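Protein chains in written order, with the working numbering: chain A, 1 to 355; chain B, 1001 to 1310.
Hint data in this document are derived by calculation from the structure and do not stem from the laboratory.
Note that the structure is predicted; figures quoted are calculated from it, not measured.
Honestly, I wouldn't trust all of these hints.
Said to hold, decoys possible - One-sided and incomplete, this derived list gives chain B residues near chain A with beta-carbon spacing under 8 Å: (1) 1114; (2) 1118; (3) 1127; (4) 1130; (5) 1143; (6) 1159; (7) 1160; (8) 1216; (9) 1259; (10) 1260.
From the three backbone atoms N, C-alpha and C, an ideal C-beta is built for every residue, glycine too.
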Amino acid sequence: MKLKSLLVSLGLLAGASIAQAEEPLKVGFVYVGPVGDLGWSYEHDMGRKGLEEYFGDKVKTTYVENVPEGADAERVITQLAKAGNDLIFTTSFGFMNPTVKVAKRFPKVKFEHATGYKLDKNLGTYVLRTYEGRYISGVTAGMMTKTNTIGYIGSFPIPEVIRDINAAYMGAKSVNPDVKMKIVWANTWYDPGKETDAANALMDQGVDVMLQHTDSPAPLIAAEKRGLRAIGQASDQSKFAPNAHIFSVRDNWTPYYIKEVQAVMDGTWKSQDFWGGFHDDMLTLASINPNLPKDVRAKIDATYAAIKSGEFKPFTGPIKDNKGNVAVPANHSLTDQELAQVNWYVEGITDEIPH
Amino acid sequence: MDSDLIVQILFAAVKTGTPLLFIALGEVICEKSGVLNLGQEGMMLMGAVVGFLAAYGTGSAGLGVLAAMLMGCVMSLIFAVLVLHLGANQVATGLALTIFGTGLSAFIGSGVVGQTIQGFQPIAIPLLSDIPFIGKILFSHDILVYSSFAMTFALMFVVNKTRIGLTLKAVGENPHAANAIGIKVLRVRYLAVMFGGVMAGISGAYMSLVYTPMWVENMTAGRGWIALALVVFASWRVGRIMLGAYLFGLASIMHLVLQGLGWSISPNLLAMLPYVATVVVMVIISADKFKEKLLAPRALGKPFDPRQMA
Chain A
1 MKLKSLLVSL GLLAGASIAQ AEEPLKVGFV YVGPVGDLGW SYEHDMGRKG
51 LEEYFGDKVK TTYVENVPEG ADAERVITQL AKAGNDLIFT TSFGFMNPTV
101 KVAKRFPKVK FEHATGYKLD KNLGTYVLRT YEGRYISGVT AGMMTKTNTI
151 GYIGSFPIPE VIRDINAAYM GAKSVNPDVK MKIVWANTWY DPGKETDAAN
201 ALMDQGVDVM LQHTDSPAPL IAAEKRGLRA IGQASDQSKF APNAHIFSVR
251 DNWTPYYIKE VQAVMDGTWK SQDFWGGFHD DMLTLASINP NLPKDVRAKI
301 DATYAAIKSG EFKPFTGPIK DNKGNVAVPA NHSLTDQELA QVNWYVEGIT
351 DEIPH
Chain B
1001 MDSDLIVQIL FAAVKTGTPL LFIALGEVIC EKSGVLNLGQ EGMMLMGAVV
1051 GFLAAYGTGS AGLGVLAAML MGCVMSLIFA VLVLHLGANQ VATGLALTIF
1101 GTGLSAFIGS GVVGQTIQGF QPIAIPLLSD IPFIGKILFS HDILVYSSFA
1151 MTFALMFVVN KTRIGLTLKA VGENPHAANA IGIKVLRVRY LAVMFGGVMA
1201 GISGAYMSLV YTPMWVENMT AGRGWIALAL VVFASWRVGR IMLGAYLFGL
1251 ASIMHLVLQG LGWSISPNLL AMLPYVATVV VMVIISADKF KEKLLAPRAL
1301 GKPFDPRQMA
């Protein structure tokens, strides 16, 4: 017994000295919701798992879930940096300033912040072109609505959400000039009860197709109950509402996480502002419902193909904002930097952005 | 705003207020006996997950509610043993119960995340549901909503009109005096805490079986805490709890409805209202001379040891 353990430890020692260069790369993740939200945080965690599957023993990942956006986030990120993580992904907009602060204090650690716009030498950002999915959602909703009223449940009025509202509205308008869009801010990313309330409030007011930029499947369930339609957010939410579900715009972070970890391993990582969408397979349309009318399905496929190939970009001028100013001049498509700063509604949306 | 919309809003307010009503009714009885249980959120989540698991496993929503009640009761017993038997600090123990329940519910529920069940279906009460306006608002809900009505009226009667109610209040106001006249203070408190647990369990089941028939982590999203505020808001009166629960329910959906109608009132402001009301009541309570008027149980939060006399 003793001999065996001695041999084992000797073996380990020998192994350790050889394998020192191959010590696993430590990667940390910070999530805003629970990994079981079946939406945003769930998909980031799928990315993390994909990373472990791809690299095996060469990476060691840790995650912290349910981290509030604020002072607490700074503490959590600092802890992850202190624990020796080489690369830390902070996966919500509200983690921006805490990440910037911590990145300054740990210059050797590499940070990547999702959906933000502040860069540093050791801090990159990565953004999903969710507006591409949102445009197709709008097109579909515009074709499917019988009341010409579609609903949109927003979380917080940040550029990402406002951009997506615009994309959805432009999509709907492109196929249905009479369409109206009602927007409700739930002031939360994740609260199934509140999201249900928001969905019901919209449906009470004549909405028959719902889009959401909050993370739980609750609005889909509410739509299913009333025999109306809804589009899933972030992950495949079809099973919650077999009849109501139109499709889900699914986030797929795995390819990006693998690419970035590989870059750190190779020593080629550099800070950048990366935007990925249909083209990079970081966005996909999941579980398109077979109960859709044929023409709707054909339009979905055509729009998807046009966006994926780059032939069509939703934010291409001329676009006016809803105060009558020119937001995007003719023959210009918003650059990524410009997209990150969208803080206006397109012409036709009658609401005002809350402050 | 047309009358149809108003009916729909009030209907939704009752629905939104129901989980708050259940859990706050439990907590008010618990507090009336002099025990402050901050573990509401934890008990509610455990009720929600166990209720969902049972309903998913057996296919019966009724069994789900029963299981949730049982689970809430077990959770409250843990709390009761710690604070009543072992004299642990009520605030700290309650907080621990919430943290414990949040974590444990996420753990045991991880297998059924993403499953769906057939929850309770609404039952329109014949005749009553035909009354214009009121009928749709009050009498076209599901069975749990009706039980919450019955429970409120039963508790109003028990607390205000019966000997049991007197005993409960005596224990919460002055446990030493109650003890001196032969009331078993700890036994009464045990029962009150367990009642609170059962109600928290039902409230959780309402969330996972009726409101949003699914289980996801932390799905109660702070309703257990709102219930604690609600008890203060209602100044420990059962009837006012019902009123308060529907007001809170109304306030929490009102800002969503108004936004849909295109009103440019700040949603944050409206969402804040119930809490502002609670803070005002709290401020009045902490000004001592009003305290008696507001019926805060005088021994609330204070441990009682029958071996020590005041």
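Do the hints match the structure? See the list:
Look at residue 1114/B: its Cβ gets to within about 6 Å of chain A, closer than 8 Å, so that hint holds up. A least Cβ separation of about 11 Å between residue 1118/B and chain A goes past the 8 Å threshold, and the interface hint is therefore violated. Against a cut-off of 8 Å between C-beta atoms, the interface hint on residue 1127/B is violated, since the closest Cβ of chain A lies about 25 Å away. Interface restraint check for residue 1130/B: the shortest CB-CB distance to chain A comes to about 21 Å, outside 8 Å, so the restraint is violated.
The interface hint given for residue 1143/B is violated, since its Cβ lies 17 Å from the closest Cβ of chain A, which is over the 8 Å cut-off. Among the interface hints, the one on residue 1159/B is violated; its C-beta lies about 29 Å from the nearest C-beta in chain A, farther than the 8 Å criterion. With its C-beta approaching chain A no nearer than about 32 Å, residue 1160/B sits outside the 8 Å limit, and its interface hint is violated. For residue 1216/B, the interface hint holds, the least distance from its beta-carbon to any beta-carbon of chain A being 6 Å, beneath 8 Å.
Look at residue 1259/B: its Cβ gets to within about 5 Å of chain A, closer than 8 Å, so that hint holds up. Annotation: residue 1260/B was flagged as interfacial toward chain A, and the flag holds, the nearest CB pair being 5 Å apart, inside 8 Å.
Of the hints listed earlier, those the structure fails to meet are numbers 2, 3, 4, 5, 6, 7, in rising order.
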